[in-house]
Amino acid sequence: MSKRRQLFVYLLIGILATAIVSGCISQKETTTPTTTQAQKEVLEIYHWWTAGGEKEAFDAIAKKFQEKYPNIEIKANPVSGGAGVNMKMILQSLMLAGKPPDTFQVHAGYEMARYIKADQLSPIDDIWTDDMKKNYPDVIEQMVIFNNHYYAVPINVHRANVIWYNKKIFEKYGIDPASIKTIDDLFAVAEKLKENGVTPFALGDRNKWPATQVFEVMLVAVGGIDYYQKFINGEISDNDPTLKKVLEYFVKYVEYSNPDHAAKTWDEACAMVYKGEAAMTLMGDWANGYFKAKGWKPNVDYGAIPIPAGVYDLVIDTFVLPAKAAHPDAAKKWLSFIGTVEAQNTFNPIKGSIPPRMDAPADPYDPIQKSFMEELKSPSTKMIPSIAHGSAVPEAFAADLNDIISELATSKDVNKAMTEIINAMKKDLIPNKIKEWKLS
Amino acid sequence: MRKSPDLPYILLFLGPALILVGIFVYVAVLWNIYISLTDWRGLLPSYRFVGLLQYKQLFHDPVFWTSLKNNILLLLLFVPGSILMGLLLAIMLDRKIKFEGGFRTIYTLPFALSFVVTATLWAWMYDPSSGVLNTLFEKLHLEFLESRWITDPNIAMYCIIIALIWQFSGYTMIIYLAGIRSIPIDHYEAAVIDGASTWQVYRYVVIPQLVKPTLSAFVVLMVFSLKAFDFIWVLTRGGPGTSTFILAIQMYKETFAKTNFAYGAAIATILLLMALAVVLPYLYWSYRGEKE
Chain A
214 MSKRRQLFVY LLIGILATAI VSGCISQKET TTPTTTQAQK EVLEIYHWWT
264 AGGEKEAFDA IAKKFQEKYP NIEIKANPVS GGAGVNMKMI LQSLMLAGKP
314 PDTFQVHAGY EMARYIKADQ LSPIDDIWTD DMKKNYPDVI EQMVIFNNHY
364 YAVPINVHRA NVIWYNKKIF EKYGIDPASI KTIDDLFAVA EKLKENGVTP
414 FALGDRNKWP ATQVFEVMLV AVGGIDYYQK FINGEISDND PTLKKVLEYF
464 VKYVEYSNPD HAAKTWDEAC AMVYKGEAAM TLMGDWANGY FKAKGWKPNV
514 DYGAIPIPAG VYDLVIDTFV LPAKAAHPDA AKKWLSFIGT VEAQNTFNPI
564 KGSIPPRMDA PADPYDPIQK SFMEELKSPS TKMIPSIAHG SAVPEAFAAD
614 LNDIISELAT SKDVNKAMTE IINAMKKDLI PNKIKEWKLS
Chain B
25 MRKSPDLPYI LLFLGPALIL VGIFVYVAVL WNIYISLTDW RGLLPSYRFV
75 GLLQYKQLFH DPVFWTSLKN NILLLLLFVP GSILMGLLLA IMLDRKIKFE
125 GGFRTIYTLP FALSFVVTAT LWAWMYDPSS GVLNTLFEKL HLEFLESRWI
175 TDPNIAMYCI IIALIWQFSG YTMIIYLAGI RSIPIDHYEA AVIDGASTWQ
225 VYRYVVIPQL VKPTLSAFVV LMVFSLKAFD FIWVLTRGGP GTSTFILAIQ
275 MYKETFAKTN FAYGAAIATI LLLMALAVVL PYLYWSYRGE KE
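Residue numbers (the working numbering), protein chains in the order written: chain A, 214 to 653; chain B, 25 to 316.
Don't read these hints as lab results, they were simulated from the structure. Just so you know, even glycine gets a beta-carbon here, dropped at the ideal spot from N, CA and C. Just so you know, not all the hints are guaranteed correct.
To be verified - The calculated label-pair distances, taken between Cβ atoms and stated as ranges, are:
no., chain 1, residue 1, chain 2, residue 2, range
1, B, 58, A, 649, 31 to 39 Å
2, A, 289, B, 118, 27 to 35 Å
3, A, 255, B, 70, 27 to 35 Å
4, B, 140, A, 438, 39 to 47 Å
5, A, 489, B, 178, 26 to 34 Å
6, A, 390, B, 179, 52 to 60 Å
7, A, 255, B, 178, 41 to 49 Å
8, A, 409, B, 148, 54 to 62 Å
9, B, 170, A, 513, 34 to 42 Å
10, A, 420, B, 182, 58 to 66 Å
11, A, 291, B, 125, 42 to 50 Å
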């Protein structure tokens, strides 16, 4: 009996020792920062801009903000990982712990849905002044509105539907880029290049999303805006003939591409165009930044053709206000600030994107960006939210599409892809749908 | 068992560790099993009990069967492959050759490298256009051997298995080398005096005594094969399509990309069951061995 009691006492000591040690550790973590934060208000920001130009762009806008509000100290937490893949997990654990940052970066549209569904974001209708409402395009506004409330402020616009081409190759074969307006024009050019032994398209879908991006461009190029809207609203039925045609066009694009596409990344595909190993690549306008960094001059060494013409496929970064933000006032000042022309024209020329505000002056931008800004302002331009970049459809469906389309790119089995897309739509789009898109 | 007077001290020092392992491993495992019986989908937990619904859906999910098939391929090819390669290397090194230490280092090095590094390296080897393999075949005029390697869904999984065997052979070699060296020298001498050839010495003296190292290598490799996540993730991201998915990759995709936590937990539970199916017989066997 006494032996057992002794054992019990030892165990108790063990537990106590563990508790004390772990207590000390956690106390250390919580006490030190609070003392230094006393004088200045802190604004904690999470974002994923860690690469060269992106980081400088963020630093520039943070500096501008601090000049305006010297009493707010920005504590930026950049989390590396393209498109915020790692940041999502960090945010999730912070929110589960009830300690979200004051604001964070997120793509406009459905990528915000996981937070909104869990009541983790505050509506920011008061931030959206009449001036902002007047100057942001409608579809962009629609991308941050859920249940009739504004939830985010967009800071930039990227474009996903652009063909980037090597000017030297186009000149050599006498191809007029202005003649390419539709997807069939593009394939006619591709055929001509192929006959001359040139790889028409560079594709790099090792990370899967570049294939999905090609697919979404085919969706709108083949089916038009109305069909695109039907697709992202989940209103496609079994054996839809248009979907079949879209997938056949996708396969055709892959057949005009480099055969080793599944081993390459998007930037390796851009490198093929830069080296003249392929004539074109379909990529977002971050390819523009890639070519400029290589020393190419826009519209001199390379050019951009929006495909299909008159459509703007939007990829937009925004900032939001978490419901449990520790410093909501500072966060609101930040959100109002990034909605200004001044902030957007500080950030975007460095980042390589364009401002979402229509009244931003175009002088700091390169000729390709200027033409994109012109298009965004034109009333005849149709805007669509991107599927591959998490805006148009629930994340679960986008994740499925990545697998289905990247498999299609190697198997070329259109019928199988069709069944799988319809199944995924029933399983992962419709049950997770929380908004209805109206694009036209 | 004999009562030891040191028991209180043993408990004092092991107690904290036992408690922490209890909380962070066993409670977590139970919690995971519980989550797999709920309908948690989305950012915040939902603990509504739905029974075996997730498992039912899982068994109707073609991706699950692809992942399971790949996990089984790993068990059937990668585990015996690494063991055979390791055994061969160990026997070759045991021939009292010069620079044994040097060779040992070279063979073991792949195991010392991070999986991310070796996977990146193999991605270069397998690159269909500029990779080492295809370039080599081209230079040697063996064009018929050129292939699309990891970009071909039909053979991608086998390419991964070969790369994994390369990485783990050094590890099994070390285990076997230690096993061979621990065989008493008089066993060899007796065999040689009886006129056994080298082949017969290995066949009848050495290999029968390597059961224990083989078993421990088996368990380590099998458990690794269930979670070869990082290697495959870096090499192919599970692609093309889902052709190189394993259960760990599907679990990751469901849990973090699709915030489908209950479904991911169900996959994790199945992984756990597979791991137990491997480890429990081994534990039973080694426990019995100790008793004898």
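Outcome of the hint check:
Between residue 58 of chain B and residue 649 of chain A the beta carbon distance is about 36 Å. The supplied range of 31 to 39 Å therefore holds. Restraint check, residue 289 of chain A to residue 118 of chain B: a C-beta distance of roughly 58 Å breaks the suggested window 27 to 35 Å. At about 33 Å, the CB distance of residue 255 of chain A to residue 70 of chain B agrees with the hint of 27 to 35 Å. In this structure, residue 140 of chain B and residue 438 of chain A meet the distance hint of 39 to 47 Å, their C-beta atoms being roughly 43 Å apart.
The given range of 26 to 34 Å is respected by residue 489 of chain A and residue 178 of chain B, whose C-beta atoms sit roughly 32 Å from each other. The beta-carbon spacing between residue 390 of chain A and residue 179 of chain B, approximately 39 Å, falls outside the hinted interval of 52 to 60 Å. The given range of 41 to 49 Å is broken by residue 255 of chain A and residue 178 of chain B, whose C-beta atoms sit roughly 55 Å from each other. The supplied range of 54 to 62 Å is broken by residue 409 of chain A and residue 148 of chain B, whose beta-carbon atoms lie about 31 Å from each other.
The supplied range of 34 to 42 Å is met by residue 170 of chain B and residue 513 of chain A, whose beta-carbon atoms lie about 38 Å from each other. Taking 58 to 66 Å as the suggested C-beta distance range, the pair residue 420 of chain A and residue 182 of chain B does not conform, at roughly 22 Å. Taking the beta carbon of each, residue 291 of chain A and residue 125 of chain B are about 45 Å apart, inside 42 to 50 Å as hinted.
In summary, the numbered hints that this structure violates are 2, 6, 7, 8, 10.
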